[in-house]
Amino acid sequence: MLVTVRDTDWDGVRLHVVTGKGGTGKTTVAAALALALASNGRPVLLMEVEGRQGIAQLFDVPPLPYEERRVAVAPADDSRPGGDVFALAVDPQSALIEYLQMFYNLRQAGRALTRLGMLDFATTIAPGLSDVLLTGKAAEAARRKSGGNHVYGAVVMDAPPTGRISRFLNVSSEVSGLARVGPIRGHADTVRSVIASPQTVVHFVSLLEEMPVQETLDGIAELHEVGHGGIRPGSIVVNMMREAELAGTKAPGRASLGSKTRDAHALEIALKAAGLGDDQGLAADLADELADEARTARAQRALRRELDGAGQPCYELPLITDGIDLAGLYRLAQALREQGAA
Amino acid sequence: MSTTPVSLVVDQLIADRRTRIIVCCGSGGVGKTTIAAAVGLRAAERGRHVVVLTVDPARRLAQSMGLTSLDNTPRPVTGVRTGGTGGTGGTGGTQPLGSMHAMMLDMKRTFDEIVESHADPDRAAQILANPFYQSLSSSFAGTQEYMAMEKLGQLRRADEWDLIVVDTPPSRSALDFLDAPQRLGRFLDGRLLRLLVAPARLSGRTGLKVLNASFGMVTGVVTKIIGSQLLRDVQTFVSAMDTMFGGFRERAEYTYRLLRAPGTAFLVIAVPEPDALREASYFTERLERDGMPLAGLILNRVHRSPAARLSAARSLAAAETLQGFKDSESSALGIAALRLHAERMRQADSERRLARRFTAAHPLVPVAQVPAQPDDVHDLNGLRVIGAAFKAD
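Heads up: the sequence lines are chains A and B, in that order. Taken in order, the first sequence gives residues 9 to 350; the numbers are from my numbering. Taken in order, the second sequence gives residues 23 to 415; the numbers are from my numbering.
Accuracy of the hints is not assured; some may be wrong.
To be verified - Reference listing, derived: stretches of chain A covered by chain B, where coverage requires no fewer than 3 residues with Cβ under 8 Å from a Cβ of chain B:
{"no.": "1", "stretch": "23-32"}
{"no.": "2", "stretch": "213-226"}
{"no.": "3", "stretch": "273-282"}
{"no.": "4", "stretch": "292-303"}
FYI, nobody ran anything at the bench for these hints, they're computed from the structure. Where a beta carbon is used, it is the ideal one built from N, C-alpha and C, also for glycine.
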């Protein structure tokens, strides 16, 4: 019998871009996805591009330098040991210096440029330039090989928020408005070929709330329109779901928006049986909570249908209260694996 | 160390006629725009003449205020209850007539207007057509923040409203909007930009000679990276804008002073989650350090239970007991209700812990809590429900 590697929704994908509206937990999901992918045994690079040091905070390590560092080991999967998760905080200036060294051997110039504040200047003067350098770094890491093998099994990028993602990834057209010819243009075209290939997907982190859902749907629609042929959308990750939400329609009280008085009456009987009959108003208060929950659930079901309508795989992740630690990340990674994300 | 915060009474803040500007800031996704709109409506219905300047509203929220187009002009919001007798928590007498306007910021339009008002038509047209200007005015990091502050300054100078409520752009960090205008101003006025564009002009001055030696190489490299076309565009732009240079930093400094002036109040908005509160902490510290007038923290979307007297543990235990009474419809409902209640209590506990942690670190910062709403806000009534949290306890 052949030993088969288990199928996932993203076989063959080398670069996972994770975006989401502010407050949806995009960095946490990116980290969980990196751990989930590393469970396959190969090293995974998790990179951030917004200078927030969110990864360092999440893994409780000192601020990350411009250097790929091991921050965690994925949990073992079946018989295989888990792969390492490396992390990298990319900033446009360091990426530019590296670029200059790589292509022009301009180490000296890089220093002079930094001293003069010229890098700050060059990366701010051309907004597209920063984006090319950041996405370029991701593309480079995703394609990097050593001895014929890819160094990383996958690269996960904690990308800018949904509102900016298309522009961020649409590097070549951003740059072409400014740099029509020249090496940056050439670099942009190379990056573009990686980003636009099926080896790159963009995952959207959302909550079952109106604005994140709307931005997710808008974001997916925009990806299709980027450049020629678009960029491949990945999954929608519905994050921070409470237990009641995960239980979905199975829980009574959520399924139907029953009459509040009828619910209160039934609850009174139940509370008496449970030994809580002394509290007169409790049944009515709990019925209020149920009704509230039913209203929320109804709105959320409608939002969930809208997300399903996008035609991308949807994964659900539980809300982790009291802050996320490594154990919490493992839990989220496991949930992603069970749903076929990795 | 106290963990009970001073209460923030937003109603007092808006009742005080000396309050002229309220800035709502905080990290992304905490409901800044909603709070700004609710504060504005509440103030208008208490007799203030209010304009709400919003940067990036949700479509529905904009519709709830009657805004359908992004046209950079304050539009009257209809349906504001004014002139009636004070409903809840009012002074009891007749409220003075208030009004509400709202507008969405169009950053490119705002930038264009600055150019048009500072240059003769020919020169303005030349600037507006410049590719570098177009890139600068539509996607430059910091332009949105700069233009939001510019608009704020304009509205203040227009003096048509006695209260301006503004939310801040969805920046990478909540602090960005304080720094970005100055950064952009520095950049546009900067020596570096002039040096790069016209190094010859400055070459005679001592102190710059050393720099000049490496300068040829530097411009060479920059040209190599960004292309000579862009450099030429920048050069054209700078010479066309020459008359306006110096003005940008001045403007940024004007709004910065405006933010520190008496009459301005900052509301830091957060939700009871670790990241949002950490950001709120940074922001609070920064405002204090810069001598900015911080009115307090609004903790948005706080979960409360009407049955808080029943703890999570007791609730779960009761649900367990009910498991014995299987097949009864009422006990199935009871189990669901008790489990739901336990989860809500756990969430409320965790939110309380986070709020206490914030107050332990910032004991002097007043806090107001806005309960989580089961639905999103769709109309003025939704905003009124939120505004109900602004009264004194």
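We went through each hint and held it up to the structure:
no., hint, result
1, 23-32, "holds (count 4)"
2, 213-226, "holds (count 5)"
3, 273-282, "holds (count 7)"
4, 292-303, "holds (count 9)"
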